[in-house]
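Asker: Starting from the given sequences, assemble the full structure and let the hints guide the process.
Just so we're aligned, residue 38 is where the sequence shown starts under this note's numbering, counting upward by one.
None of these hints come from the bench; they were simulated from the model.
For clarity, every value in this text was computed on a predicted model and none was experimentally measured.
Some hints could be false.
Lysine-lysine pairs mimicking PhoX-like chemistry, simulated, CA-CA at most 20 Å apart [stated by the list, open to error]:
| # | residue 1 | residue 2 |
| --- | --- | --- |
| 1 | K466 | K445 |
| 2 | K445 | K479 |
| 3 | K455 | K472 |
| 4 | K468 | K445 |
| 5 | K395 | K372 |
| 6 | K468 | K455 |
If you anchor each label on the Cβ, the simulated ranges turn out as follows [unchecked claim]:
| # | residue 1 | residue 2 | range |
| --- | --- | --- | --- |
| 7 | N277 | C191 | 58 to 68 Å |
| 8 | V82 | S346 | 44 to 54 Å |
| 9 | N135 | R482 | 42 to 52 Å |
| 10 | W246 | N441 | 14 to 24 Å |
| 11 | G353 | S147 | 19 to 29 Å |
| 12 | G353 | G128 | 23 to 33 Å |
| 13 | I349 | G244 | 38 to 48 Å |
Glycine included, C-beta positions come from ideal geometry on N, C-alpha and C.
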Amino acid sequence: MPTFNSLLDYVSAIVRNEKIHARRFAGWLREKLWVRPAIYCAGAVIAVSLSTTAKYLPFADLAPELGENLLSTLMSILTASMLGVTAFAVGSMVSAFNSVGTNATPRAFSIIVSDDISKSALSSFIGAFIFGAIGTIALESKFFDKSELFALFCITLLVYARVIWVLVTWIDAIARLGRMGTAISRVEDVTRKTLVVAASNPLMGAGPWDDGATKHSPVFSDDVGYVQDIDMSALQEIANNNDMIVHISASPGAFVGPGRPVAYVEGRSETFNDAKIANAFFVGQQRNFASDPRFGFVVLSQIAARALSPGINDPGTAIDVLGSVTRLLMEWTKKRTMQQMKWESGSDAVEFSRLRYKPVTVDELLENGFGSVAVYGAGQIEVMLHLQRYLQLLAAASDGGLYNAAEKFSGEAFERSKLEMEFQGDIDKMKLERKEVLRIVKDSRNTMS
Numbered sequence: 038m039p040t041f042n043s044l045l046d047y048v049s050a051i052v053r054n055e056k057i058h059a060r061r062f063a064g065w066l067r068e069k070l071w072v073r074p075a076i077y078c079a080g081a082v083i084a085v086s087l088s089t090t091a092k093y094l095p096f097a098d099l100a101p102e103l104g105e106n107l108l109s110t111l112m113s114i115l116t117a118s119m120l121g122v123t124a125f126a127v128g129s130m131v132s133a134f135n136s137v138g139t140n141a142t143p144r145a146f147s148i149i150v151s152d153d154i155s156k157s158a159l160s161s162f163i164g165a166f167i168f169g170a171i172g173t174i175a176l177e178s179k180f181f182d183k184s185e186l187f188a189l190f191c192i193t194l195l196v197y198a199r200v201i202w203v204l205v206t207w208i209d210a211i212a213r214l215g216r217m218g219t220a221i222s223r224v225e226d227v228t229r230k231t232l233v234v235a236a237s238n239p240l241m242g243a244g245p246w247d248d249g250a251t252k253h254s255p256v257f258s259d260d261v262g263y264v265q266d267i268d269m270s271a272l273q274e275i276a277n278n279n280d281m282i283v284h285i286s287a288s289p290g291a292f293v294g295p296g297r298p299v300a301y302v303e304g305r306s307e308t309f310n311d312a313k314i315a316n317a318f319f320v321g322q323q324r325n326f327a328s329d330p331r332f333g334f335v336v337l338s339q340i341a342a343r344a345l346s347p348g349i350n351d352p353g354t355a356i357d358v359l360g361s362v363t364r365l366l367m368e369w370t371k372k373r374t375m376q377q378m379k380w381e382s383g384s385d386a387v388e389f390s391r392l393r394y395k396p397v398t399v400d401e402l403l404e405n406g407f408g409s410v411a412v413y414g415a416g417q418i419e420v421m422l423h424l425q426r427y428l429q430l431l432a433a434a435s436d437g438g439l440y441n442a443a444e445k446f447s448g449e450a451f452e453r454s455k456l457e458m459e460f461q462g463d464i465d466k467m468k469l470e471r472k473e474v475l476r477i478v479k480d481s482r483n484t485m486s
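Answerer: Pasting the structure below:
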């Protein structure tokens, strides 16, 4: 459960109209299991309360006569059954979460926890239980008239219909929640959303990174951890007020501390307080998917690494991960090409003129996504053949940075394979796939030229 101070900090940030805090608060709420059940419980209280206003509605006198025993029976069935179903739902979700943490990677836990279907089901069951309990108390109070009893009866039927529908749909979802394929699919979907945003706005509204930025005055963060978000608006305001240029060297996902600069300041005065810039970097103990596109690739790679461990020995899962990473990179390439066209046409202006930013590179994404597979699967011919073939697809994409990176990674993976594989026939197969990568890269270069 959240502490009062943490809620107060978030709310006060939103009151100050700080968009980045509001976005982080919304993401924080989405990851909490208690939020939606709390809303449903409040809805249950409101539903029972609304039934007491039925006597003020038109045609209230036409409501049929209902016995209180009927409603009492329905409420008893609802409360008794929902208590057991809720306990079963919680147990099933915990089992699925443990399965993901054990078989996939603990880093995927937050994605599975945020599953909308499971949270909606659990919330519906708890809300129905609260509704039945409050309805029973209201009935025992003996202050309902004929129209109010009929209104409560109609609301009860709607609650039953909702619970039955949720239960039917949720059973199918919970059966797949803890499966490896579901975990990979969820990580891929979340990564895709972040990657599309990163490809559409790779510089986060700033100007391009200057290779000579490191000669300027460095700024360090007192906090040790991962950069989770950057308040670009605050940095722009600071730079404007102090006539400076801020070169951002720590993108979301970077591990920072007192010895690793988060930025370099050009034009810094001797009296300037570096803490103003450091405070614009939100540093936490863990990376997150919302603003860090590389983290999704890291998690997918860790799933593949665990699958390739001797204790599990599941090369099929590693191959599935390679397919997910390839799809993500292909989509990222398309978005980046569209962004490049905007830059060339001049339709995409720089929003933060005094900031410079280093975007995520294709080499980083390839290393994050394929790196563990290339290391732990170097001796498995079926995995390495798929890796080379997926790199061929990436090399065929009409993007210079992508085919150059694919060629480089293909060579490194091939060299690792030669060191691990003992059977000459397997090495010969790898040579053929490596030659195909080189051929495709050559054709792509000719096309680009």
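Asker: Next step is simple, just say for each hint if it's right about the structure.
Answerer: Results of checking the hints against the structure:
1. Straight-line distance between C-alpha atoms of K466 and K445 comes to about 19 Å, which keeps the hinted pair within the 20 Å bound.
2. Annotation: proposed proximity of K445 to K479 holds, straight-line Cα distance about 13 Å (limit 20 Å).
3. Note on K455 and K472: the hinted pairing holds, with a Cα-Cα distance of about 15 Å set against a maximum of 20 Å.
4. The hinted pair formed by K468 and K445 meets the criterion: a straight-line CA distance of about 15 Å does not exceed 20 Å.
5. Pair hint K395 plus K372 holds up; C-alpha atoms about 18 Å apart against a cutoff of 20 Å.
6. Proximity of K468 to K455 is assessed by CA-CA distance (about 9 Å); at most 20 Å being required, the pair is judged to hold.
7. Evaluation of the 58 to 68 Å hint for N277 and C191 yields a pass: the beta carbon distance comes to about 60 Å.
8. At roughly 50 Å, the beta carbons of V82 and S346 sit within the given window of 44 to 54 Å.
9. Distance hint check: the CB atoms of N135 and R482 are about 49 Å apart, consistent with the given range 42 to 52 Å.
10. For W246 and N441, the Cβ-Cβ distance of about 19 Å falls inside the hinted range of 14 to 24 Å, so the restraint holds.
11. About 25 Å separates the C-beta atoms of G353 and S147, a value consistent with the hinted range of 19 to 29 Å.
12. As the Cβ distance of G353 to G128 is approximately 29 Å, the hint placing it in 23 to 33 Å holds.
13. The supplied range of 38 to 48 Å is met by I349 and G244, whose beta-carbon atoms lie about 46 Å from each other.
In summary, this structure violates none of the numbered hints.
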